[in-house]
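Chain B: place on chain H using the hints.
What follows is each chain in one-letter form.
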Amino acid sequence: ETGVTQSPTHLIKTRGQQVTLRCSSQSGHNTVSWYQQALGQGPQFIFQYYREEENGRGNFPPRFSGLQFPNYSSELNVNALELDDSALYLCASSLVTSQETQYFGPGARLLVL
Amino acid sequence: DAKTTQPTSMDCAEGRAANLPCNHSTISGNEYVYWYRQIHSQGPQYIIHGLKNNETNEMASLIITEDRKSSTLILPHATLRDTAVYYCIVSAIQGAQKLVFGQGTRLTINP
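Residue numbers (this note's numbering), protein chains in the order written: chain H, 5 to 117; chain B, 856 to 966.
The shape of chain B in the complex, shown without the other chains:
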């Protein structure tokens, strides 16, 4: 599985958009980009995933560059409850889907 690189930590003001970058320069053609988040001591929560097109759901938007080597997760109006560790993961669609978690980005939303 391809590796990802994320900033260790980020801060964002409540009500603003939080933009979390992820670099996955060795991603393969059959690998999706997934985003999960983990609020303190809870199980990871699925946010969104995509292959090459931009995606949006009720939680967030995912922007994937044309060369697929990087992506950005956007939380449009961050709230205090969005404070969590955010994990960017690339995972192949064939075979046992093993999620390889890195260190993630610790996002802190400030009032």
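In isolation and in its complexed conformation, chain H is listed as follows:
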């Protein structure tokens, strides 16, 4: 148990729809990162939020967007869903200090039909 929670944990959407995934960080952590993990692959970095601002982004299109709230919780929004967006979406929280590790939530499994 890392103290990082995600909701919902499973959901099904159809192509073209929009989805919002939520993440509550571990107590005291002010940074949230999001990752996408396709079946059989390692997680891929989407972006990171620190102090409510995007603080680094991976190779994902603009239809992947995020928010961080004053309590450090975060949302990942994906617009115009595509079949390839089917994946496990992971959030991880950390403190932005050197050596600080990221602690992952259980993930949200998204299936796009």
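Hints listed in this document are in silico derivations from the structure and should not be mistaken for laboratory results.
All values reported here derive from a predicted model rather than from experimental measurement.
Be careful, since some hints might not be right.
Each pair of labels, with its calculated beta carbon distance range [claimed, not checked]:
| id | chain 1 | residue 1 | chain 2 | residue 2 | range |
| --- | --- | --- | --- | --- | --- |
| 1 | H | 117 | B | 885 | 36 to 46 Å |
| 2 | B | 868 | H | 67 | 42 to 52 Å |
| 3 | H | 67 | B | 935 | 40 to 50 Å |
| 4 | H | 84 | B | 858 | 24 to 34 Å |
Each residue gets a CB set at the ideal place from its N, CA and C atoms; glycine is no exception.
This is chain B only, laid out in the frame that chain H set:
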């Protein structure tokens, strides 16, 4: 970020030490070596990390070669619950800490 190379899969007998190698020959001076593991369908779990000295915690030991081009994660007494995919990651300490996961090593602990 530097890339890592790990064996695709390994087997180990329960109760024995599991030694998982990782090659990171292009690692930079400001990059740490991190190990995470992922048990089926769960979020990755942090195990240990180090810069250049060997490290030990309650889960594992990390041995980093003197030239820092490779490392070994050691699980001293493997149990069936250690069956997982193990990821070796190098990550800089400055800026947004983006973890770059490779394919990892699928470790199977056999009874």
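A quick look at each hint next to the structure:
1. The hinted range of 36 to 46 Å is satisfied by residue 117 of chain H and residue 885 of chain B, whose Cβ atoms lie roughly 44 Å apart.
2. Between residue 868 of chain B and residue 67 of chain H the beta carbons are some 48 Å apart, a value that agrees with the proposed interval 42 to 52 Å.
3. For residue 67 of chain H and residue 935 of chain B, the Cβ-Cβ distance of about 42 Å falls inside the hinted range of 40 to 50 Å, so the restraint holds.
4. Restraint check, residue 84 of chain H to residue 858 of chain B: a C-beta distance of roughly 32 Å satisfies the suggested window 24 to 34 Å.
In summary, the structure agrees with every hint in the numbered list given earlier.
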